[in-house]
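*Asks:* Each chain is listed here by its residues.
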Amino acid sequence: MSGGGAPAARTGWREWLTTDTPTSRRHARIAALYHGWLSFSSNPMAMFGLAILTFLVLVAIFAPLLAPHDPFAQDLGFRLKPLWTEGFPLGTDSLGRDILSRLIYGSRITLYIVILVAMIAPVVGLFMGTVAGYAGGWADTILMRITDIFLAFPRLVLALAFVAALGAGIENAVIAISLTAWPPYARIARAETLTIRNSDYIAAVQLQGAGALRIITKHIWPLCISSLIVRVTLDMAGIILAAAGLGFLGLGAQPPSPEWGAMISEGRKFILDYWWVATVPGLAIFTVSLAFNLLGDGLRDVLDPKDSTQ
Amino acid sequence: MPPFLPVAIRIARTLGSIAVTMLGLLFVTFLIGRVMPIDPVIAVVGERATKETYQAAYEAMGLDRPVVVQFLYYIWDVVRGDFGQSLLNARPVSEDIKRVFPATLELATLGTIIGVVIGVPLGVFAAVKRGTWIDQIARFVALIGYSMPIFWLGLVGLLVFYGILGWVGGPGRVGIFYVDVVPPVTGMILVDSILDGNWDVFRDALSHIILPASLLGYYSLAYISRMTRSFMLEQMSAEYITTARVKGMSERAVIWRHAFGNIKVQLITVIALSYAGLLEGSVLTEIIFAWPGIGSYITTALLSADMNAVLGGTVMIGLVFVCLNIFSDLLYKFFDPRAK
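As given, the protein sequences belong to chains V and B, one line each in that order.
Here my numbering is used: the first residue of the first sequence is 22, the next is one more, and so on.
Here my numbering is used: the first residue of the second sequence is 5, the next is one more, and so on.
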């Protein structure tokens with residue numbers, strides 16, 4: 022083990038990354054990440070999930086280049102063509118639009134929903150949970166009561182009612198899903214905070230004069246992140262299914278948007294004669310939520326070994 | 005301190021938290037009803053009503069009272085089982101719910117039965133034969149269940165088993181010739197037809213329910229088998245299991261009497277939760293299979309902006325959901341000494 026600060030050119034990066042004696046804080050952090058990556062990448066199923074999601078992101082970014090047709094261009098003379106039609110590998114829908122192009126553009130909507138929900142729900146949960154856990158007393162009781170009430174709610178039905186009140190649309194669907202998704206994160210964050218709150222290092226920073234805000238944001242939040250990431254990844258599959266369900270009911274993305282759930286809903290009328298119109302987008306939803314489940318399982322083994330069911 | 009006091013406090017606390025949760029539920033539905041962009045008065049009197057008519061309806065609906073008072077009235081109405089009138093058919097929402105709820109209950113119950121009958125043994129075997137092919141199958145089954153959009157699987161099921169193979173009845177609860185043949189006693193056609201002794205209706209109803217119920221059963225199975233497996237793994241690694249084996253007890257007795265005996269309470273909790281989940285998860289399934297249950301009811305009402313019906317249905321599902329949650333919680337607390 023060289024122990025030198027900069028990676029010695031000959032011993033290579035691997036040595037530097039796997040050293041037992043990090044030379045700086047940054048070095049230690051990168052080495053820890055690399056160790057996590059090593060154990061993550063030895064899990065073929067998790068890598069498979071990661072590969073699918075990487076593919077999804079690339080497809081979403083390069084959608085205009087990849088899509089062979091305009092996803093909104095209608096051609097009624099060319100409607101309901103079967104799979105493997107010349108120029109339309111996945112056939113066309115009831116308005117003669119190319120299903121493959123719509124799928125490709127739909128990946129953007131799926132990612133958009135996933136990212137928005139992932140930015141809202143865990144943040145709200147983290148905030149509620151850490152404040153409740155750190156403050157204790159009345160604040161804890163009230164915040165946790167609110168959490169319990171939302172947790173006791175049937176999620177899809179609540180989301181339905183929210184969308185009914187706010188109006189149909191993709192942003193409102195995101196808000197409705199986030200509103201029903203945050204309580205588990207608050208529970209997790211609170212549990213983590215309770216175990217951290219009484220540790221010695223928190224007492225040490227308290228003695229140094231750190232205020233509650235600084236302790237929560239700088240010393241408690243970073244430690245809650247890893248368990249939240251695992252939970253968010255595992256929940257993503259459910260969030261995608263919920264969004265697709267709202268789209269299917271006509272309460273999420275509105276036509277002519279190529280949202281996958283809405284595409285299934287459009288194809289539903291023709292299911293007995295033209296089965297591919299509804300089945301193909303369903304396969305896409307299934308693939309993406311499967312990928313999130315596989316990735317979440319893999320991340321859990323790396324980041325949160327105590328919860329692993331393996 | 006008298007010895008009964010701790011128990012009394014515990015009961016009072018539980019009742020208190022039930023009451024708070026119920027109030028919270030009602031408050032949220034009340035809020036949703038209030039932020040609704042559709043003006044409930046216009047929905048009643050129509051868009052071309054005169055100002056006086058509008059004002060009279062506004063006051064008759066109690067919208068001029070303070071919000072807190074309105075909320076209290078709302079609670080009082082719900083307690084009496086009054087959810088207002090449906091705008092679509094001008095009937096009380098509570099009557100509609102009474103009519104559609106048994107259909108959902110029938111579907112969710114059969115789904116849970118399927119989930120338990122297959123899921124529990126699958127979970128136990130997956131844990132006992134850990135790492136073998138049966139464990140892999142259980143894992144695979146659960147993974148697919150967690151990743152598949154239920155409405156899509158329903159469509160494909162209809163396509164294959166009804167459209168192509170013709171093995172099952174199509175959408176709806178019974179075929180058109182059997183509608184309203186048996187007198188409704190419980191509202192669940194399977195039960196009613198048995199009570200009536202009308203086996204033709206029973207067979208027809210069964211052929212219609214089997215596909216949606218299997219679908220829900222599959223989702224419940226995915227969850228139940230996963231939980232059973234992890235509970236069993238926890239027990240199987242305990243020392244008392246080793247002791248039992250060392251004493252020469254048969255493997256079957258070790259697994260079913262000792263390990264399984266100890267997870268029963270946890271398992272019932274999980275089953276109650278999954279049952280509650282199916283009651284709500286049936287929303288999408290009911291749409292696909294044109295099943296006239298509470299999920300279809302809410303969605304239809306939603307698309308025609310019939311807010312009383314939407315909120316009534318939401319409160320109903322919410323109440324059942326909360327009750328099942330509390331039931332499983334209590335069961336856990338009172339029957340599992342480890343939880344104390």
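Possibly wrong hints are sitting among the right ones.
To be verified - Here are some chain B residues pointing at chain V (derived, C-beta under 8 Å): (1) V72; (2) V73; (3) Q74.
Stated by the list, open to error - Covered by chain B, per the in silico footprint, the following chain V stretches (three or more residues, Cβ under 8 Å): (4) 98-112; (5) 260-272; (6) 291-299; (7) 306-312.
If you are wondering where the hints come from, they were derived from the structure by calculation, not from laboratory data.
Glycine included, every Cβ here is placed at the ideal spot set by N, Cα and C.
*Asks:* None of the hints should be skipped; say for each whether it holds.
*Replies:* Hints and how they fare:
{"no.": "1", "hint": "V72", "result": "violated, 19 Å"}
{"no.": "2", "hint": "V73", "result": "violated, 21 Å"}
{"no.": "3", "hint": "Q74", "result": "violated, 16 Å"}
{"no.": "4", "hint": "98-112", "result": "violated (count 0)"}
{"no.": "5", "hint": "260-272", "result": "holds (count 7)"}
{"no.": "6", "hint": "291-299", "result": "holds (count 4)"}
{"no.": "7", "hint": "306-312", "result": "holds (count 4)"}
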